[in-house]
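**Q** Residue numbers (our numbering): 40 to 431.
Rather than coming from a laboratory, the hints here were simulated on the basis of the structure.
Glycine included, each C-beta is placed from N, C-alpha and C at the ideal position.
Mixed in with the good hints, there may be bad ones.
Simulated pairs of lysine to any residue, SDA-like, Cα-Cα distance not exceeding 20 Å [claimed, not checked]: (1) K384 to P398; (2) K384 to A374; (3) K185 to R202; (4) K185 to D175; (5) K391 to A354.
Between beta-carbon pairs, the in silico distance windows are [stated by the list, open to error]: (6) T400 to R339: 58 to 64 Å; (7) K88 to D150: 53 to 59 Å; (8) D178 to D313: 58 to 64 Å; (9) L311 to R210: 51 to 57 Å; (10) R295 to R210: 57 to 63 Å; (11) D313 to D98: 57 to 63 Å; (12) D150 to L311: 42 to 48 Å; (13) T328 to P398: 49 to 55 Å.
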Amino acid sequence: MTPTNRRPPRAWATVHQASTTNSAEPSAADVVIYDAIGSDGWGGGLSAKDLADQISALDVDTLNVYISSPGGDAWDGLAIANALRRHRATVNVTIDALAASAASVIAMAGDHVTMARGAEMMIHDASGLVYGNAQDMRDTADVLDKLCDSYADCYAARAGGTRDQWRQAMRAETWYSAEEAVLAGLADRWDDAPETTASGHDLPHRTFDLAEFRFRGRADAPAPTIPLPAAGPKTPNPTEEETPMSDHLTDGIRQRLGLPADADDTAILTTLDDRLTAAEAPTIPEGTTLIDEQMLDALRADAAAGREALSALAASRRDELVDEAVREGRIAPAARAQWREMADKDEETARKLLASLAPNTVPVAEVGIGTADETMTADDQLYAAAWGSKEN
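Throw the hints in and build the complete structure from the sequences for me.
**A** Given below as structure tokens:
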């Protein structure tokens, strides 16, 4: 950012304090920055410290800052911006022609920033020279990145957006016309350029060599990449936290909580906490009992085993019911399966039907000539076969 061409010592900034005969009028001073910022490469000329000292010594209510500068030393730009921001006076910044590079960050210190008609603003990443090894180069790159982040934060503080958004615009070397600077949030309004300052001091006219920049001005540069208009910085609303609760609302809360009329905010909050904590506890419906999950699983397993046992007992009982009917001659053995199925469907009805059937209706022993008593001797059986039973 610092020009490398050698030139004689120069006063790149001047300070003029307006004189007034009326002590009731607010006092003002003009700070005119109309050249490259910072002392020359040989340490001569006006330094940022010199200008900051002059600004801090001003006992005024208003500072009018007029800028037409291609930039210069990046650190000096931050120092001057903070000197202006630190001063108690209202700072009105006017960009008369160009506020590029370090000059743009000085403009961000204004309470009000005006772009004169035809003025331009340019932001870009800082650059620097270093002689050394690879580590020296890397260290310098890290320093430059941090410096550029600081610049991006200054733009974001005024215009909104994020550091990354502004770094993107800086890397692209973004030029803004007067209107674009206002739309992007970097300035408050654009106007016709004044011929003289408020104090009547003639402003010097300078032209700058822009060869060190990527573009030769807004006409040679693409449109700004930051979306227009940029999101403005969030303005805190003091009423969000400072507005007290109305007495009507407080009284209503006391009544609903059953608190006395003299209960203070602490008592109200404590009672609310207690009620909310109690409400968080689960309510068990009447007739319901909580049970451990493992115990519930065990009960379910026992119930399943019991159902299986009952089913086995019922099957055995129905088998016995039908088998007994077969033994008593109430039903034929061939009908056993049919009666067993009926017992499964309606055991009580099957029991009543079987009981209503007469026993010995169906023969349960063989009928025929081979009906001799098994207790007869062989002689008795021969006799019975030849002559009949002895009892006949």
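**Q** Each hint: holds or not?
**A** How the hints compare with the structure:
Under the criterion of a C-alpha separation no larger than 20 Å, the hint pairing K384 with P398 is inconsistent with the structure, at around 24 Å. As the CA atoms of K384 and A374 are separated by approximately 16 Å, the hinted pair is consistent with the 20 Å bound. Restraint check: the Cα-Cα separation between K185 and R202 comes to about 11 Å, which is no more than 20 Å; the hinted pair holds. Our distance criterion of 20 Å between C-alpha atoms is met by K185 and D175, whose separation comes to about 16 Å.
With a C-alpha separation of about 17 Å, the suggested pair K391 and A354 falls inside the 20 Å cut-off, and the hint holds. For T400 and R339, the hinted distance range of 58 to 64 Å is not satisfied, since their beta carbons lie about 48 Å from each other. Against the hinted window of 53 to 59 Å, the Cβ-Cβ separation of K88 and D150 comes to about 24 Å, which falls outside the hint. For D178 and D313, the Cβ-Cβ distance of about 60 Å falls inside the hinted range of 58 to 64 Å, so the restraint holds.
The beta-carbon spacing between L311 and R210, approximately 53 Å, falls within the hinted interval of 51 to 57 Å. A beta carbon spacing of about 59 Å between R295 and R210 agrees with the range 57 to 63 Å that was offered as a hint. Between D313 and D98, the C-beta spacing of about 59 Å keeps the proposed range 57 to 63 Å intact. The beta-carbon spacing between D150 and L311, approximately 44 Å, falls within the hinted interval of 42 to 48 Å.
The supplied range of 49 to 55 Å is met by T328 and P398, whose beta-carbon atoms lie about 53 Å from each other.
The structure shown violates the earlier hints numbered 1, 6 and 7.
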